[in-house]
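Going line by line, the protein sequences match chains E and U.
For the first sequence, the positions run 0 to 529 when numbering that gives the first Met the number 0 is used.
For the second sequence, the positions run 0 to 338 when numbering that gives the first Met the number 0 is used.
Hints are computed from structural coordinates only; laboratory data are not their basis.
Hints may be right or wrong, so weigh each one.
[Claimed, not checked] With a cut-off of at most 30 Å between alpha-carbon atoms, the simulated DSS-like pairs for lysine-lysine come out as follows:
#, chain 1, residue 1, chain 2, residue 2
1, U, 125, E, 192
2, U, 4, E, 511
3, U, 118, E, 190
4, U, 88, U, 143
5, U, 107, U, 143
6, U, 35, E, 346
7, E, 442, E, 346
8, U, 4, E, 192
9, E, 44, U, 4
10, U, 125, U, 143
11, E, 442, E, 6
12, E, 137, E, 50
13, U, 143, U, 35
14, U, 125, E, 190
15, E, 6, E, 346
16, E, 82, E, 214
17, U, 39, E, 50
18, U, 118, E, 44
19, U, 107, E, 192
20, U, 4, E, 190
21, E, 346, E, 285
22, E, 50, U, 125
23, U, 35, E, 192
24, E, 190, E, 44
25, E, 82, E, 137
26, E, 44, U, 143
27, U, 35, U, 4
28, E, 192, U, 118
29, U, 107, E, 50
30, U, 4, U, 39
Computed from a predicted structure; not experimentally measured.
Residues per chain, in single letters:
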Amino acid sequence: MANIRWKLITIVLVLIVFGGVGVYPIAASRYHLPSPRWLQDMQLKLGLDLKGGVHLVMRVETDDALRLETDQESERLREELTKRTVTFTNLTTPSVTQFRVEGVPPAQDAAFRQAANEVQANYDRSPGANGTYTFTLKPNIALQLRDEAVVQARETIERRINELGVTEPSISQQGTDQLLVQLPGVTDVDKAKAIMGSPGLLELKIVEQGPASTKESLLVGGQVPSGMEIVPGSSGTPGDTANTSYYLVRRVAAVTGRDLRNARSSLDENNQPAVSFTLNNEGGRKFGNVTGDNVGRQLAIILDGRVQSAPRIDSRISTDGRITGSFTNEEVQNLSLILRSGALPAKLDYLQERTIGPSLGADSIRSGVMASLVGLLLIVGFMLIYYHLSGVNAVIALLFNLVILVGLMAYIGAVMTLPGIAGFVLTMGIGVDSNVLIFERIKEELEAGHGVRASLNAGFGRVFWTLVDTHVAALISAGFLFNFGTGPIRGFAVTLALGLASNLFTSIFVSKTLFELELSSRRQGAALSI
Amino acid sequence: MHIFKDTTFNFLRWRWHALVLSWVVILAGIFVLVTKGIPKGVEFAGGTVVITEFDRPTSVQQVRTALDRNFPGGGSTVIVQAYGDPALKSVMVRVPTSGAETGQSLSKTKDDVVSALQKGNVGAFKVSGTEIVGPTVGAELTSKAFWATVLSLVGILAYLAFRFQFSFGVGAVVATAHDLLITLAFLAFFRYDMSLNVIAAILTMTGFSTNDTIVIFDRIRENLRSMRRDSMYDVINVSVNQTLGRTVITSGTALLTALALFFFGGEVLHGFAFTMVVGIITGTYSSVFIAAATVSFWRGSAPARAAAHAPGAIAASPQAPTPQQPTRKNKAQRKARAS
């Protein structure tokens, strides 16, 4: 008797804990019952396909990161060679991982090698004919740069999403260079994409010449002067060359977005929306030096490769600046958000985009709940008709199973998706099978003339390993399903696996305890209703 | 209550019929797949799906006309279908391409569909859902789905080989592979799109179709100990008969819930539920006719040989599950009953 009492206490405790964590918060939020904050936070989360939102898969173009590295290193070599007065005819970057110096005179070979040693750390140098040297990025460094680019892109996007104020966003890496971003409750996919995908690269460069109406008028001897570049202005639409002005600026930026401490929307002197920014200590020192040396010249504020404005430097500026242009209020807000979160290390290429409107999600919940209720009704009806009073036993075990399943999912923070609801419904149909197997065995034992207690024990005992086998086989496929899928399918695999685990507990432990309870309160020799 | 009471069907006698029937279905399925191809959902094929919800009931034909007139390149490659319950007033438009193929932004085709509808005078609507998949995603997903299925089968084989003798593992996997092919055949007959959900259902089915098989195998293993004098052929037949009731009931309850999903689960789960319904039915069939028969093939036990070695066994053993006549039971059969 004491044995049964402890089993009952265990069962009731399990029911209270899982019911409290899983079922109560749902009921509380629906019927406005009191529930503490921590319990509300634990409430079963709905997936994107039920709540509505945006699901994006993007590839990080990691080649961009390699190109940047190669550009920077080739520029460093150019500066180094100029400093040591080593001559060469050409410096090119034939691919994202290579740059090539041509026409180094044999007499200066030793000096060239010395200069090249300065940039050699990450590049392999191979000499060719006529004083040609090819520098190739070391494969392990290239791999590392690619990984860093993905991680950095991920962190940047994370910051931008958080600033957007999306609740419970999820961003994760898939494979080597893909990111999966899920934004529950977001419906304006274009805005989200614009903010996530904007490069957000801010550069402040000293203007050598400009603005000019054509690129050609900025060339010196038909070429862009060494260490300089031509950047288009932001006026006019892209591709509209007639209205675009051009600036010849220094290639090396005085400061970049990396030196920013903060950026916020503000107004310029004409009360037009503008973005004010503050530099950090390091950036402020660099900026102070450059502006101090170049008073009277123009400073180009370049955003994503276009000059937004080029104000004249009146005096030395150290930490504060302002980006002006023809912005709307919203553009200014988005821009300051993007600048605050830092630049993307590489371009993003969208591979997949899914949006689920709230009405579509609500509709899925409705049909999911409907299917669950019909499924439950059918199973309960069948069990009661076929197994009489023992069917009640199985139904109680089944309900326990569902309560534990919901509680477990809420507790571990699993997400309920539409396929997850399907898993929930299937758990009823398949979970009750364990009790069917046990009951059939008990019937068989009873018909063989064994006593009620012996038949019960044999039924539960003999079927135990069969149940373990069937559950493990199903868990194996659920495991591969989890591994294969993302989002909704993962939700399904998790629901299925947790349902299987809790079913093993309810169909054996709960069901057997109920039988024992019944046995203990009845006269000897009465027939079992099965 | 009993569905089946003391049956003595000779299931193994029908194994050849079962084999022919299964092959006919599978070959017909392969024929349909080869001639008409597998219809792929947008996740695998790539392309653009736009689900629009109209303020007033709008026919598929109206949407079609609007797209034929205004969609760039005409609407000939565009599929238009009513989506879900008519009360939702929703229409699904599917285009086999996305903007990515032409080097534009991924969502270009979606924008084209929306603006074609806006120009097309079909009444007020809002876009309630979109799915845009670039061309590279599908290929990756296809190979992942393939390997997940294969590895899942291998995993189950390994587990069963560890828990049972190897021949049982082979039997279970042959039966599961059979279920997989039959389900694919039915998906081909009824032209369901191969979607992520369908793949999930197929993988789930590979796990659950072994359930009935395991129950039968457990009984065979148990009976092998107590029916030492009987041939494998008879042990299998007796075991299948003894477990027939629970095989049908367990599949029946699973089938009830799968049917609930099929009829009430909504548009998104339709393919999933269909796959589960077919998978559960064929899983039951294969447990009875394919799995056990494979074990008997593998063990090479023929009834003639068994009869030569143990005359009377065939006549006696089917009566083994009959507890009402204890006086006629020999000792071995009594043990078979009790365990």
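Tested hints:
As the CA atoms of residue 125(U) and residue 192(E) are separated by approximately 20 Å, the hinted pair is consistent with the 30 Å bound. Annotation: proposed proximity of residue 4(U) to residue 511(E) holds, straight-line Cα distance about 25 Å (limit 30 Å). Pair hint residue 118(U) plus residue 190(E) holds up; C-alpha atoms about 24 Å apart against a cutoff of 30 Å. Our distance criterion of 30 Å between C-alpha atoms is broken by residue 88(U) and residue 143(U), whose separation comes to about 36 Å.
Distance check on the hinted pair: residue 107(U) and residue 143(U) sit about 28 Å apart at the alpha-carbon level, within 30 Å; holds. For the hint pairing residue 35(U) with residue 346(E), the CA-to-CA distance comes to about 40 Å; that exceeds 30 Å, so the pair is violated. Of the pairs offered as hints, the one joining residue 442(E) and residue 346(E) is violated, with about 67 Å between alpha carbons and a cut-off of 30 Å exceeded. Only pairs whose Cα atoms come within 30 Å are accepted, and residue 4(U) paired with residue 192(E) is rejected, the gap being roughly 65 Å.
With a C-alpha separation of about 47 Å, the suggested pairing of residue 44(E) with residue 4(U) is violated against the 30 Å cut-off. Of the pairs offered as hints, the one joining residue 125(U) and residue 143(U) is violated, with about 35 Å between alpha carbons and a cut-off of 30 Å exceeded. Taking the CA atoms of residue 442(E) and residue 6(E), the gap is near 25 Å; set against the 30 Å cutoff, the hint holds. A threshold of 30 Å between alpha carbons decides the hint, and for residue 137(E) with residue 50(E) the separation of about 47 Å lies outside it, so the pair is violated.
Straight-line distance between C-alpha atoms of residue 143(U) and residue 35(U) comes to about 24 Å, which keeps the hinted pair within the 30 Å bound. Restraint check for residue 125(U) and residue 190(E): the C-alpha separation of about 17 Å stays at or below 30 Å, so the hint holds. Under the criterion of a C-alpha separation no larger than 30 Å, the hint pairing residue 6(E) with residue 346(E) is inconsistent with the structure, at around 60 Å. Of the pairs offered as hints, the one joining residue 82(E) and residue 214(E) holds, with about 29 Å between alpha carbons and a cut-off of 30 Å not exceeded.
Restraint check for residue 39(U) and residue 50(E): satisfied, since their Cα atoms lie roughly 26 Å apart, inside the 30 Å limit. Distance check on the hinted pair: residue 118(U) and residue 44(E) sit about 40 Å apart at the alpha-carbon level, beyond 30 Å; violated. Using a Cα cut-off of 30 Å, the hinted pair residue 107(U) and residue 192(E) holds, with the two alpha carbons roughly 13 Å apart. Pair hint residue 4(U) plus residue 190(E) does not hold up; C-alpha atoms about 67 Å apart against a cutoff of 30 Å.
Between the alpha carbons of residue 346(E) and residue 285(E) the distance comes to roughly 28 Å, so the proposed pair stays at or under 30 Å and holds. Simply put, residue 50(E) and residue 125(U) have alpha-carbon atoms about 17 Å apart, close enough for the 30 Å limit, and the pair holds. Restraint check: the Cα-Cα separation between residue 35(U) and residue 192(E) comes to about 38 Å, which exceeds 30 Å; the hinted pair is violated. In summary, the hint linking residue 190(E) to residue 44(E) is supported, as the alpha carbons are separated by about 25 Å, within the 30 Å threshold.
For the suggested pair residue 82(E) and residue 137(E), the alpha carbons sit about 26 Å apart, so the restraint of at most 30 Å is met. For a cut-off of 30 Å, the pair hint linking residue 44(E) to residue 143(U) stands: about 27 Å separates their Cα positions. Distance hint between residue 35(U) and residue 4(U) is unfulfilled; the C-alpha atoms sit about 45 Å from each other, more than 30 Å. A hinted pair counts as satisfied when its Cα atoms are at most 30 Å apart, and residue 192(E) with residue 118(U) qualifies at roughly 26 Å.
Of the supplied pair hints, the one linking residue 107(U) and residue 50(E) holds, its CA atoms being roughly 25 Å apart against a limit of 30 Å. Under the criterion of a C-alpha separation no larger than 30 Å, the hint pairing residue 4(U) with residue 39(U) is inconsistent with the structure, at around 45 Å.
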